[in-house]
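For this one, chain A is given, so just place chain B on it according to the hints.
For reference, the chains in residue letters:
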Amino acid sequence: MHLLLSPMQQTDKLISPSVNWGSLTPLLVLLGAGLVLLVGAALSARGWAKGLYATLTAAAAVAAGVLQFVLWNSTVHHGPKSLVGEALVVDGPSLFIGISICAALLLAALVTDDYLRREDIDSPEVYGLYLMAALGGLVMAASNDLIVLFLGLEVLSIALYVLAASHRKRIESQEAGLKYFILGGFSSAFFLYGVALVYGATGTTRLRGPESIKTALALTVETDKHRALLVVGVALLLVGLAFKVAAVPFHSWTPDVYQGAPTPVTGFMASAAKAAAFGALLRSVVLSMPELRDDWRPAIWVLAILTLVIGSTLAVVQTNVKRMLAYSSISHAGFILVGIEAAAHGGESGDRGIASVLFYVLTYAVLVSGTFAVSTLVGRSGDGAHGLDSYRGLGRQRPVLALALAVFLLAQAGVPLTSGFVAKFSVITAAADASSYAIAIIAMLAAVIGAFLYLRIIVSMFLEDGDAEGERVSIPFGTGAAIGISVAFTLVVGFFPGWLLELARDAATRLY
Amino acid sequence: MLTDQNWVLSVGVFLPLAGVLVMMFIPKSDELLVKFVGLLAALATLGIGIYTLAEFDYGQAEKLQFAVNTSWIDVIHSRYIVGLDGLSLPLYILSMVITVLVMIYSWNHVPSPGNPKAFYMLMLVLQVGMAGTFVAQDLVLFFVFFEIVLLPMYFMIGVWGGENRQYASLKFFLYTMFGSAFMLVAFLALFFKTGGTTFSMTQLADLVQQKYAEGGLTSTTMNLIFAGMALGFAVKVPMFPFHTWLPDAHTQAPTQGSVILAAILLKLGTYGFVRIALPILPQAAKVFAPWIGLLSVIGIIYGAWCCLAQTDMKRLIAFSSVAHMGFVMLGISTLTSYGINAAMFGMVAHGLITGMLFFVAGSVKDRYHTLEIKRLSGMLKQVPKLGWIMGFAAMASLGLPGLAGFWGEFPAILSAFEPAKGNVDLAIGPLSVNLYRTFMIIASIGTVFAAGYLLWLYQRTAFGTPTAEFAGLGADADDQDDHAHGAHDAHEGAEDTGHADGHHEKLHDVGIFEWIAWAPMLAAIVFFGVYPQAMFKVFDPAVSLISKKFGG
Chain A
155 MHLLLSPMQQ
165 TDKLISPSVN
175 WGSLTPLLVL
185 LGAGLVLLVG
195 AALSARGWAK
205 GLYATLTAAA
215 AVAAGVLQFV
225 LWNSTVHHGP
235 KSLVGEALVV
245 DGPSLFIGIS
255 ICAALLLAAL
265 VTDDYLRRED
275 IDSPEVYGLY
285 LMAALGGLVM
295 AASNDLIVLF
305 LGLEVLSIAL
315 YVLAASHRKR
325 IESQEAGLKY
335 FILGGFSSAF
345 FLYGVALVYG
355 ATGTTRLRGP
365 ESIKTALALT
375 VETDKHRALL
385 VVGVALLLVG
395 LAFKVAAVPF
405 HSWTPDVYQG
415 APTPVTGFMA
425 SAAKAAAFGA
435 LLRSVVLSMP
445 ELRDDWRPAI
455 WVLAILTLVI
465 GSTLAVVQTN
475 VKRMLAYSSI
485 SHAGFILVGI
495 EAAAHGGESG
505 DRGIASVLFY
515 VLTYAVLVSG
525 TFAVSTLVGR
535 SGDGAHGLDS
545 YRGLGRQRPV
555 LALALAVFLL
565 AQAGVPLTSG
575 FVAKFSVITA
585 AADASSYAIA
595 IIAMLAAVIG
605 AFLYLRIIVS
615 MFLEDGDAEG
625 ERVSIPFGTG
635 AAIGISVAFT
645 LVVGFFPGWL
655 LELARDAATR
665 LY
Chain B
686 MLTDQNWVLS
696 VGVFLPLAGV
706 LVMMFIPKSD
716 ELLVKFVGLL
726 AALATLGIGI
736 YTLAEFDYGQ
746 AEKLQFAVNT
756 SWIDVIHSRY
766 IVGLDGLSLP
776 LYILSMVITV
786 LVMIYSWNHV
796 PSPGNPKAFY
806 MLMLVLQVGM
816 AGTFVAQDLV
826 LFFVFFEIVL
836 LPMYFMIGVW
846 GGENRQYASL
856 KFFLYTMFGS
866 AFMLVAFLAL
876 FFKTGGTTFS
886 MTQLADLVQQ
896 KYAEGGLTST
906 TMNLIFAGMA
916 LGFAVKVPMF
926 PFHTWLPDAH
936 TQAPTQGSVI
946 LAAILLKLGT
956 YGFVRIALPI
966 LPQAAKVFAP
976 WIGLLSVIGI
986 IYGAWCCLAQ
996 TDMKRLIAFS
1006 SVAHMGFVML
1016 GISTLTSYGI
1026 NAAMFGMVAH
1036 GLITGMLFFV
1046 AGSVKDRYHT
1056 LEIKRLSGML
1066 KQVPKLGWIM
1076 GFAAMASLGL
1086 PGLAGFWGEF
1096 PAILSAFEPA
1106 KGNVDLAIGP
1116 LSVNLYRTFM
1126 IIASIGTVFA
1136 AGYLLWLYQR
1146 TAFGTPTAEF
1156 AGLGADADDQ
1166 DDHAHGAHDA
1176 HEGAEDTGHA
1186 DGHHEKLHDV
1196 GIFEWIAWAP
1206 MLAAIVFFGV
1216 YPQAMFKVFD
1226 PAVSLISKKF
1236 GG
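Protein sequences appear in the order of chains A and B. Per this note's numbering, the very first residue in the first sequence carries number 155; after that it's consecutive. Per this note's numbering, the very first residue in the second sequence carries number 686; after that it's consecutive.
Bound-form chain A, shown alone (with noise of 0.2 angstroms):
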């Protein structure tokens, strides 16, 4: 664990910190799992029984998840806390956004079973994989030190790279893992550099608590003279950052990854990875370096309104439908970069900001997820059914599919009592409490850019004539249960929003 050390605390002797092993738990019990599932199926001779590795990873996911909610009803009553020398911390938003990965995992692994067997290549390794990357996406939002936060990235990016190309009998898959590799690897060396320029300026990678970043900042005398180096360094983080939630003009892999990659993967990539991105960019720069927020905030508007702006532009222009989600995918970013713009603001406004993000966050993993999975089953034996055409008449021949991949595309148009009328609400409102009437209104603008998107694939399913083409689309029940849990989730969010907006913004107040 010596690893995890931040360099303040170097001495001749290395001190082991004391590691809170029970907060720890969901960490393990995914690591745990991915471990048993790569190994436990390389030494079985003829691989496990159908479903297993899949029952195995939902088991897991649910088991992180809960263990979550036990530490969140302790971080309530004894408030956060950091764990492994304040490498880790557990408080509101992490575990909050923590459960949103965890929900991604679950359905992500009850939709890939399906899809491997549908596809012939079901194999433990997919699975282990997405184990790993969620472990990356937990450790990301739970961060407390930049380089701990670079690891996170890492194990996440990685095991997303390899996810993206292992549908080995498409090339676009390959093409996409590879494109994936080649441009995320720019953007951690960017990152990896913002954190040693920010450590130069400094002289610590720690974000908050006593000798952090955010202490240094608020003392000012000494950064002062490294000004340069540290807005540098910012820069460089947001740059890092920025590509992985996808955020314009940092966007141009997502179309061409989220459309070769396996569809359950783009899923789980459009939730989890973007749910963990944003955490990390909530802990590495807004709750850390609220001193420093004159420089960074307008840099998030100017992202927020482009990412906006051109994701709900370009989406429209589309004809694949997966493709026309990944310019969805990073309109949404744009919508969580409102929240995050009225988070850097501070103070009570700020607070509301912190607590829309998460809520946008969890509601869109769903809802994401869920729009994968019936995409997933639409793309039929091959993957590649994904033009606006094979979801014609889907209404007439699978009405009940259509319905619910319907209530996904309201939701994320934003129609009210969904899910996503209440997270576009919230943000908006964090927006308008912080003053930023500009980025509010466009950003309801780009919400009706976007909805004309959405609306073109519900045409194309009860509107347009003709039967979609084709075999027809078979519903399993993995995927099925996965697509009922998200439409339920949607829905009851959507008419009873108050508990989950109160757990939001309870999580956002406890911050370590």
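Hints should not be assumed to be uniformly reliable.
[To be verified] Computed, partial: chain A to chain B, Cβ under 7 angstroms:
| # | residue |
| --- | --- |
| 1 | 476 |
| 2 | 570 |
| 3 | 583 |
| 4 | 586 |
| 5 | 587 |
| 6 | 595 |
| 7 | 598 |
| 8 | 599 |
| 9 | 609 |
| 10 | 617 |
| 11 | 653 |
| 12 | 655 |
| 13 | 656 |
No lab work stands behind these hints, which were simulated from the structure alone. All residues carry an ideal CB built from backbone N, CA and C; glycine is no exception.
Then chain B, alone, in the frame of chain A:
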């Protein structure tokens, strides 16, 4: 005495959902049962509505009655506040009546491609949204209901509409959403700028004045917030430059959709002005009033000219809506009690009359399979009852005294003679009398055009002899036979709607379901035409409360 029956509105709004739930479990093939349950739910809702009418205290029509104020989503400070006053009551009831009538009409007129289950369910959901909008007293609740209305109508146009339905339904959805985008931001700005603790309309109205007096709220801010709201409502009304979605939506929508759209949905916009924009931001309303007035008279003239140019009957009626809503908005823009009363009356009257015209247009389309004016002729000969009803509705629409249309149009024009005088207490100056008198003159020219296009329409379609392609198919050919098979023919008509042109079955006159659906509307047009006081006295106390802010 104000009643404390606070369940009335919630039940009245959400009862249709119970119908939807029941219908979900009925198989799609059992069409009769589906229609029956749908109609029953709508009738039960109307029953609650009638109970509301009976229990409403008309002596205190300016007060919110049946009010409920309970927590809803505490985290975002939105509360479940509903209440009914004289402003909302007629529109609230109208929405229920129209839904029932449209359902009766749909009994044998489910448009192609069929599926009455989905069609009836959508109408019930639509009813929830419409009724909810009229009783919501919390801005977020209002917004939610306002938006809920969009979806069922989108699907109604998109699935059951005409050939160009996809384009029309998308345009409808995106336009309205565009407006709501600004509206929502305006609501939020209002909340945060006034430091409100809830989104309650009355609370925010008080806070605005308080903050304005303290100097915490500048007039620029208020103007911007008003502009945001006004944009949202203006798209829905629709006012002149934002009206382009309306002709497309109306032309492509099925008859039922057109009727609901004209009768209720357009009123959500004008109602929003009167309920939210004017009372909450009176100072800004005064600033914008002349501009609203200007756009209104442009709408009146422009709508009328467009009507004269139309070759499609339904499109013509749609453009006439633009003109009529222009009169309504002109009345509102005078900011006087007289004008707003006229506007409120105009809303209900336009709902009944234009709804009726769309019903007639739908039935014409059922029979002739076309709405092209030049192909229609001699309706009075072939389907005399339908022809007469159309004549009646056209007369009502052009504002014939003695019918309901008159009381919306004429006082609205007259009110422009003397616009609001201003209110020193609220620092609201008077509106320019000269400007409004100019508006008045232009608007009255508009009535001449209105008479022109409606009479011309009537003359071209109802008078004369039937065109060659429909000659000999009329109900006049053998009257006895028609009576015997009236009901049977009506049924056939519903199934034949999908037939291509060129093949015509015999034309039949107004059927039994049409009579049931139309009679209440026809009666109401006459009743409110002869006795407008019945409605004015409901509006007036609540309207006076608003116009008092502007010195009227």
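For which of the previously enumerated hints does the structure constitute a violation, in increasing order of number?
1, 11
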